[in-house]
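Number of protein chains: 2
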Amino acid sequence: MSRDPGTVFIGRKPAMSYVLAVITSFSSGNAKEITLKARGQAITTAVDTAEIVRSRFLKDLKISKISIGTEELPPREGENRSRMVSTMEISMAKE
Amino acid sequence: MSRDPGTVFIGRKPAMSYVLAVITSFSSGNAKEITLKARGQAITTAVDTAEIVRSRFLKDLKISKISIGTEELPPREGENRSRMVSTMEISMAKE
Chain A
190 MSRDPGTVFI GRKPAMSYVL AVITSFSSGN AKEITLKARG QAITTAVDTA EIVRSRFLKD
250 LKISKISIGT EELPPREGEN RSRMVSTMEI SMAKE
Chain B
190 MSRDPGTVFI GRKPAMSYVL AVITSFSSGN AKEITLKARG QAITTAVDTA EIVRSRFLKD
250 LKISKISIGT EELPPREGEN RSRMVSTMEI SMAKE
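Chains as they are written, first to last, in the working numbering: chain A, 190 to 284; chain B, 190 to 284.
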């Protein structure tokens, strides 16, 4: 995963934290497109974030791309099998 | 939400239950396209289901469409505000 300013990594915080991050990125910089990246249970938060941003705050945003995938994570301590986890990316752009 | 045979509603069961439903639909009928529909926390399960079907079982499937949205649910008993919940639809089709 890259660290460019057009990317917001979704974790375990409430969706509103990420909504704020997206709004800040769009309003502070030259970002024309922001991509939300999430894994596992955070996928739901990513969808919530995109929907809240679009319906309440930046109504001219369009979802430009949605993709899903699978990532292999190293095994947890005490386990010996690597884990497969689902990933999702949602890109939003100004028209 | 419609009840046509090309739709699989994702709920609280483990992803493997829905994987089986998708495989059955594709192999038993004339379905060329199956759409997974999920709300809230089940969105993660929908992504897991799509990824497991595609990587382990039906490798010729392509994700034909992914969309997200918001649905308004009636308030829970004792509350007086309706709840907004995120939704997701993933369509998978044979090539």
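These are computed hints drawn from the structure, not numbers from a lab. Any given hint could be a false lead.
Copies of the same chain are indistinguishable here, so a pair counts whether it falls within one copy or spans any two.
Straight-line Cα separation of at most 20 Å, SDA-like style, residue types lysine to any residue; simulated pairs [claimed, not checked]:
#1 Lys-221 to Glu-261
#2 Lys-254 to Glu-268
#3 Lys-202 to Val-274
#4 Lys-251 to Val-274
Note that the structure is predicted; figures quoted are calculated from it, not measured.
Right, here's what the structure says about each hint:
Taking the shortest Cα distances, Lys-221 and Glu-261 never come within 20 Å of each other, neither inside one copy (31 Å) nor across copies (30 Å). In the homo-oligomer, the alpha carbons of Lys-254 and Glu-268 never lie at most 20 Å apart, since the shortest distance is 36 Å inside one protomer and 36 Å across protomers. In the homo-oligomer, the alpha carbons of Lys-202 and Val-274 lie at most 20 Å apart both inside one protomer (19 Å) and across protomers (17 Å), since each shortest distance falls under that limit. With identical chains, the CA atoms of Lys-251 and Val-274 are at most 20 Å apart between copies only, with a shortest distance of 19 Å across copies and 27 Å within one.
The structure shown violates the earlier hints numbered 1, 2.
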